[in-house]
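Asker: Single-letter residue listing:
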Amino acid sequence: MRARQDQHIDEVFRSALDDYEIRPPHTVWDGIEAHILRKKRRVLWIRRVAAAAAVLLLVFSGIWFLHHKKEPIPSPEMISESVPAGESTPEKTKPAAETYPAQAAPEPSGETETGPGETPIQKTTDISPILARVEVVAKQPSMEEPSYEHDAVPAYVEPLLSLRLSSDVTAPQETVDFRSEGDHRLALTEKENEVEWDFLKEERSRWGIGGQFSPAYSYRHLTSGEGSKDLKQYYNRIEEGVFAFSGGINVNYQASGKWTVYTGLYYSQMGLMIGGVEEYTLAAMGWETPEIHRKMAEKFYLVDHSTGTVFSDNDNIKIVNTPEDALYNSIIGRDPSQYTQEYLEQVNAFIAQNYEFLEIPLLVKYKVIDRKVGMNILGGVSTNFLVGNAASLYIEGVNYSSIRTSNVSTLNYSGAIGLGLDYEILPGLMFNVEPTFKYYLNTFSEKNLIGSHPYSVAVFSGVRFRF
Amino acid sequence: MLYEMFSGKMYAVCLRYADDAEEASDMLQDGFIRVFENLSSFRHQGSFEGWVRRIMINTALEKFRRKKNFYSLDDDEEGKTEPAEENTLDDLFAEELIGMIQELTPQYRMVFNLYALEGYSHKEIAGMMGISEGTSKSNLARARTILQEKLIKMGRER
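One line per chain: the protein sequences are A and B, in this order.
For the first sequence, counting from 1, position 119 maps to 119 in our numbering; every step adds exactly one.
Position in the second sequence (first residue = 1) + 1000 = our numbering.
To be clear, the hints were calculated from the coordinates, so they are not data collected in a lab.
As the structure is a prediction and not an experimental result, all values here were calculated from the model.
Careful, some of the hints might be misleading.
Below, a list of computed lysine-lysine pairs in the PhoX-like style, where the Cα atoms sit at most 20 Å apart [what the hints assert, rightly or not]:
(1) B/K1137 - B/K1068
(2) A/K367 - A/K39
(3) A/K318 - A/K40
(4) A/K299 - A/K318
(5) A/K39 - A/K372
(6) A/K39 - A/K258
(7) A/K367 - B/K1067
(8) A/K258 - B/K1067
(9) A/K258 - B/K1137
Required output: the full structure, derived from the provided sequences and hints.
Answerer: Okay, here's the thing in structure tokens:
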């Protein structure tokens, strides 16, 4: 009873679904067509390179042959005079007539037999008869074909017609009815050895390498630490973002049809323009001792910015970070409260701070559109190692280097999101453009008054090559 | 041409094996790429449609194996139905049946498809899916029960 019921359920599904057809979305064919064209172009590209290599080899062989033919061929006597007996090579001792043709006729002669443009598959049989039969059967009036929009034989089918069967497939002696009713069950239960399925295990190349470069606008986002709102506003007023660049190489692995994982090594820059530099000198105080006179020549520059504490390794430039520091550093032993802003003068100076990072990204890309021009969305995280920290102080157009910012984090983590467009310029070689936004997840500043998160907006362009 | 001849039928096959229409489209695309790339492997033994169909099933099986670790065996998934086109009653019925199959867990779905609709034995299914014959049998029984309940429910609603 139970068995009959089971059979009944199976039968309900089988009878309803056996001949059921539903038109797939057009994107399916687009993807197939793009794949076939890509593959065809790749084969053409490889053939062209091979042909060019063969021609070059032929040309060089010819030149080499002509060049050596003009030289006097040494007689055995001359050889025995000029070359010690033990060093003579077999080629040199051979008569020239035997030597040169053998050297001048390498692979090109093999190439010319088949021709560089020929398919490597030999003894091929055209598949057209099979496809033609498929078509004849398809057009039988009894077949209730679903209507498709492709009425005529579309141009994109052309690559399929060029597909060839290998010689071990013999043309069938009798017509095979590809549409035979219910036959799939029989066919599917046929033993595996009748049909080679090994090819299904064939993996397309999933690995690729790439390189990218981008100009980038970098700045920082301030979050409230213990610092006041005013402090944030002050930093926002005196600081500006800068244009830098970023670039690197990557290795990528296509995990599935749509997902690709990237990692690699990138170099990136981040930076800040820091204004609001104030100059402080003792001259305004009017002290007259020799020591003070000497100090009068010294100038202090008061700089404060959001990502850290500016420090000078340049003996000619003294930098302090707070007005109090300036005063304490210059007015030794005096009460700083007596000397305040009046001695601090805003000058036309700014600091250009540049940070350099080595970055190891782990990015995931998801292919949204798989066409000639594909579109991806991408996201991921990066580990950023601070490897460069240099700033310059520009005063009235004069540049003082050997300045840096201390109290910054050397190990940082960032997140990135972006959108990518890619286009296959050569088979296997994709050109890509990726507008990307990167944001440091941790605060870069080790000051606890305020959180400073560098960010950058970059438009990467580069290439990716799949093996 | 080849694609136009078989895509409708094969898409219907893929829909039965897939979680949803998007996955079915991917399956169909991958399957047809394999068909075109391996036309020379067709041996003219058995029907051409059977060969194409088998490639689709292999593609589905590969996807299943790849995703197997992410699947839980017993969770009943929420329904995923195909957007209905303007079709005949038969087509609507078929769509509903496909919807029911899609609602099965991936493993039940695979076993039911392979046994009831493709005609494989439990032994073959066990080999293909990397499960035991007993599991294949119990999965089939469970799948049938679920489908029967759904059929009865559908009958009542009409």
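Asker: Now, for every hint given, state plainly whether the structure supports it.
Answerer: The hints, checked one at a time:
| no. | hint | in the structure |
| --- | --- | --- |
| 1 | B/K1137 - B/K1068 | holds, 18 Å |
| 2 | A/K367 - A/K39 | holds, 19 Å |
| 3 | A/K318 - A/K40 | violated, 66 Å |
| 4 | A/K299 - A/K318 | holds, 7 Å |
| 5 | A/K39 - A/K372 | holds, 12 Å |
| 6 | A/K39 - A/K258 | holds, 18 Å |
| 7 | A/K367 - B/K1067 | holds, 19 Å |
| 8 | A/K258 - B/K1067 | holds, 14 Å |
| 9 | A/K258 - B/K1137 | violated, 34 Å |
When the structure is compared with the earlier hints, violations turn up for hints 3 and 9 and for no others.
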